[in-house]
Amino acid sequence: MLEIKCPHCGSRSQNEFSYGGDSSVKRPELGKEVPDKDWDDFIYFRNNPRGKHSELWHHVAGCRQWFKVLRDTSTHEIFKTAKLTEEL
Amino acid sequence: MTQKYRLDKEGYINRKKSISFKFNGKKYFGYEGDTLASALLANGIHLVGRSFKYHRPRGFVGSKEDEPNAKVQLYDGAKTEPNAVATEVELVEGLVAKSQNCWPSVSFDLGAINNFLSKFLPAGFYYKTFMWPKSFWYKIYEPIIRKTAGLGVAPLKPDPDRYEHKFEHCDVLVIGSGPSGLASALAAAKNGARVILAEDKSQFGGSLLTDQVTIGNKTGKEWADETIEQLKSMPNVVVKNRSQVFGYYDHNMMVMFERTKDHIESPSEYIPRQKLWYIRAKEVLVSTGSIERPLIFGNNDRPGILLASAAKEYIKKYGILIGKKPIIFTNNDSAYDTAIEFKKNGINPLVVDVRKNSESTVVKEARDLGINIKFSHAVANTKGYLRVNSATVGKLNNDRSSYENLENIPCDCICVSGNWTPTVHLSSQSGNKLKFDEIINAFIPNQSRQNETAVGSANGSFTLKKSLEDGFHKGFEISNRLTKKNIKSDTPSSNEKNYGKHENFWCMPLPKNKDYKRCVDFQNDVYVSDIELAIREGFRSIEHVKRYTTLGMATDQGKTSNLNGLQLVSNIENKIVPEVGHTTFRPPYTPVTIGTIVGREVGKHYRPTRKSPMHSWHEKNNAVFVDAGLWLRPRYYKQGNETLQQAAKREGANVRKNVGICDVTSLGKIDIKGPDSAEFLNRIYTNAWMKLPVGKARYGVMLREDGIVFDDGTTTRISENHFHMTTTTAQAVNVLAHLEYYLQVVWPELDVNVLSTTEQWAGAAVAGPKSRALLKKLFPKIDVSSEGLPFMGFKEENLFGVPARVFRISFSGELAYEINVESDHGIFMWKKIMELGKSMGIQPYGTEALSTLRIEMGHVAGSEIDGRTIPSDLSLEGMLSKKKDFIGKRSLNREAFLNPDREKIVGVIPVDKKTMIPEGSHLVKDKNAPLPNPKLGHISASCWSVEYNNPFSLAILKEGKKRIGEKLYAMSPLKNKSIEVEIVSSHYVDPKGERVRS
Amino acid sequence: MQRYSIFSLIKNAFGGHKDWEVAWKDSEPKKEYDVVIIGAGGHGLATAYYLAKEHKITNIAVLEKGWLGGGNVGRNTTILRSNYMFDPNGLFYEHGMKMWENLSQELNYNVMYSPRGIINLAHSDAQLNVFYRRGNSMRLNGIDAVMLGRDELKKMIPFADFSESARFPIFGGLMQPRGGTARHDAVAWGYARQINSMGVDIIQHCEVTGFDVQNGKIQGVQTSKGNIKTKKVGLCVAGNTSLLAEKLNMKLPIESHVLQACVSEPVKPFLDHVVTFGAGHFYCSQSDKGEMVMGGDLDGYNSYAQRGNLPTLQHVLTEGVAMFPNLSRLKILRTWGGIMDMSMDGSPIIDKTHIDGVYLNCGWCYGGFKATPVSGWTFAHTIAKDEVHELSSKYRLNRFNTGHLIDEKGLGTKTWIG
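Residue numbers (the working numbering), protein chains in the order written: chain A, 1 to 88; chain B, 1 to 998; chain C, 1 to 418.
Any given hint could be a false lead.
Unchecked claim - DSS-like cross-link-like pairs, simulated, lysine-lysine; straight-line CA separation at most 27 Å: (1) 240/B x 316/B; (2) 65/C x 575/B; (3) 32/A x 414/C; (4) 282/B x 52/A; (5) 409/C x 251/C; (6) 32/A x 889/B; (7) 251/C x 889/B.
These are computed hints drawn from the structure, not numbers from a lab.
Construct all of the structure, not just a fragment, from the sequences and the given hints.
Here's what the structure looks like:
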């Protein structure tokens, strides 16, 4: 079971959190023209790396804050967690 | 009450307390402190079961969790436990056990015919045959094979026992209480670390319980006892026995099960059977010891052939001689201890040693005791069907490919030792890439990937001195990383015998022209010939060998067989073992009871049950409930012998005619506050929100980014910067997470906060033409006229002293209001509404009537918002603002979404106006078309229209409204129905929506 | 190739089983092949087989970075079914079911296809209606399906929780009688043995490290055993597809997630069918050895580790005991994990790519095993003819641009919810 350090609450076990996917996926700005390809990339296409992966987690059974996690997808090692306003 | 093989000294059993038990229907006695295995051996019973495939007689091989053979069925009925390991079952009064996988009895088993056919049933034989004729596999062959499958019998009733979970944190978890475990626990504890010491056996001490050693001026056992007492007295230490750490998971999450009940004679019913411990350990010390390997020789799988260490353990721990004419067969010195123990207890063993010689002190001691040793000899074969009765022993020739002077030596047991394998399972599970140690010919832990450290013999150190040093050293070093207290404990002096080197010769040759079976995996019947065959057929990867032969896949997971199998493959392939590699060690280390993993979430507690504050009222009023996610909602209120359909019709009709009340507490409610709230809603919902006045509600639809409709509901502007959002019951949780995601991740610049208030409010929908009159009575101060409280209006007022929110919104399509009060006042509100509505004919209505009302109005719900539909599919295109962007808008211009012929919502009525169209039917043009019959759409929801008194359905149909007036067939082959239907508008009742605005 | 039968088994028994030939031989790569298939799992081996059999292309190398059949074909819960709602899936998998029915005979290897019936339990009328929609669709597509009532189910699986204390009572169940199981390893080995005899090279422990692409055309692959020239490359690497695609500058609508499965200790057979729990995500069958084979939810975060964590297993087994309370006293023997190539609509991708001669077969989520024959068959067609097969024509990559998605579950792009 992963131990995830919520940047707001501290270390907690995985079952307090829910996963939110690749945090490098950025939503195109609202109201801006977006080419089809970019839009489809945003919705469907993923880097899916083996190794370091920056991702979002949501502390649903805690402070209900979303935050960033840098985690290894092959070893599950967590290198760093950060608030959304911070750099990973 | 004779226990023929019990000594009157030795062992840690309580000879004063005799315990009776039954095995295979017969009553026996053992002592307190026995395991089922030791108690049976005390009575001279070796034959306990049959092997899986050939049903060869099987006896005990080990004395602990490595035991491959002695799997028994305990008790019967709901409490029965299949595949219990007799060496691990503690004896309790009244224990009932029987042998498995044999019929009619363990000594006469008809399944043993397979042994005679074994020539035709080599590894993987089933892949090569049973293919003709085609249907015979699953009609004839497989059913026969399944009759022979399995070991024990599963209970067919729910488990009467309870299981509990516990969560712990510690600095250092020490697994195993042998010398290195005790040493490291003590060192870490003294250095101030919070320590948990876990021992899977009932007794602490590991090898100290059986080995002739001294530590300081004490015997090993005394030192172990004292150390445990010392640890127990320390406030920073938790010491657990009967506790098996079975899984090493990510981030040092260790999982352990503790046996808390089955060993107690008359346990209180409140005691859980087992506890599961989740332990988050900052550091883990793996001191799990090592497992002895068997030797491989002809018919090495007969009852009475055991590991030498097991024989010693039965003498030292339980005071039992496993036989009176023992042969000790070894390739190393450790087995000499067993010989010496026999000798000390008046038995003359014969030692057969494959080595040319050994000069260690232990061998010398054996010699001095007059023990007969045959060096350069080997056991080539054994005899005895249900129990070994002789061994064929011969001198190995120079290249050890055959024998000289084979002779038959009578015996009643053979104690074998093929050296020791460190128990690296947990280290390996942690991600440690093991390395092969050439000296001990086994894998040991290498580079840790998590905070894991192996100590003692689990790390390949087989002497006491090294284990203690290793334990004290690592216990200190590791704890000091955490505590930094620098309190070092001295390693006590120790005394032990000196053991020489083993010889890595473990698979005996066959005598000339003999094809004796040489067993590698005792339970699964994997023999040397099977492994040879696998390799001959090209199954060369160790994983292929494992899968093809089933080596190591039995319930012991190859604890005694894997390394022998590996070495065999490396020999045949002429490779070194590390090149062959090993199969993956996976949790659990030993089998874990499913109930233990599950814990308390069983039966009604499988999931929480959410109930509205008015639940007790519903119960009293004959509500029949329906599961709506975790909520229980009244489906209908049964009157007399009514069916569901009759009740729904009555309740629905009453809404259309008079007034009804429905519990809508389960709808998701989210409070949205902050100066940017309107802007936020404007982005989340498809329609416009900026100009919604205070005191007004609006219906909104939200999409996923991919353009699919996500949820709908009404949101009300309570004040300038405060909105009250409602969601569907099903999506309440997801909508909140969705809002939080956009607020925190995507638009942090918006000053808005959201909070779930679902449980804060009790909600009642009051619907029907008489609802206004009722509202007037409930809230005399409110102007309830259409001007005073128009459709989508909102007021805050008190309901006879209770603060209430009144919304004029409608899901039923009738003139309707929704009243919310704080949850605690829900029942008051409900009763008040019922009381004041009585004269107007108010009746409660459940979800079934609610469903009827919404269907005939053409309002969409979960069966239409099914995760695949876009707004225009549901006639919601009018909800899409053209002036602003919103979540999901950009996705709506995809080719497939713009296709005008997409499946869209319509109404459907049966041509005969009588036949209900089953939900889940598909619409086709030609009911007799050949299959696959092209489907034009499906029926998403059906009801009996209370307005028109005939069936009405909603459908999602290709080309949607273009087909209005068309006749199609609704097909439900599962119900054997095809119904001619006519396509109509989905807005069947009050298409202009006049009632809600009346 | 030596033929397997009861007669050959008897004959060899008297010869001490010394004359069995290798099922497949380990080859070293040649300089050039007509087709290189990456991945000696079920789909890769099947693709090679149908290329050889249907399209007479035998100068093929199947490259495997580990050992043959070591990925998901050897890690799944062996379930076969075609109980899909949407036509592209239903018709595709149903074709696959027909192939399964003859596979043992075709491969001369007993893959133990066993139509023991797969039952999806429903726990509310609403869920039953969803199942009616799916089952009716199956029937109209010519796929077998029956709806079972609570009483019928009581007779078939009396040990399921039909008691008052069930949190989510059983209302009924949709059954596909021809659904069932097959022996997973045998499928890989059976295909391997056949293609080996047809002249295909199976090269184990050979990892593809790069591609040689010139002017938008594939020229060859770089491997740990040297460069191999070829004009056609088929990717059949399931959870590792994104990693190879990256080397081709392709981003895919795929995330890799770990799915755990487990078996109990073997017990005497009491469960004939494959049963799935509707108030959760649990499925269970009993193998011919007697082990209860169980699985359920994904671990829920991107992962390339072939192992999972206990909370997911606990969650899954909790659902198991809710469905079959008698499982509680059985013991878990083995747990393991596999890497699932979760596509964004839950349906697979079989297609050509923007590079001439590179073909894609991925996105099987956790349903790849049952597709093995039909996936190989349609993919072989795609590679041989350089055109998509009619049967897999809805599985094209561009559906993520056009919106013609096939979302059986309606869950959208949050693949980890699965």
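Tested hints:
Between residue 240/B and residue 316/B the CA atoms are separated by roughly 23 Å; this keeps the pair inside 27 Å, and the hint holds. For the hint linking residue 65/C to residue 575/B, the alpha-carbon distance of about 20 Å falls within 27 Å, and the restraint holds. The suggested pairing of residue 32/A with residue 414/C holds, with an alpha-carbon distance near 24 Å, which does not exceed 27 Å. Of the supplied pair hints, the one linking residue 282/B and residue 52/A holds, its CA atoms being roughly 23 Å apart against a limit of 27 Å.
For the hint linking residue 409/C to residue 251/C, the alpha-carbon distance of about 24 Å falls within 27 Å, and the restraint holds. At most 27 Å may separate the alpha-carbon atoms for a hinted pair to count; residue 32/A and residue 889/B meet this at roughly 12 Å. Restraint check for residue 251/C and residue 889/B: satisfied, since their Cα atoms lie roughly 24 Å apart, inside the 27 Å limit.
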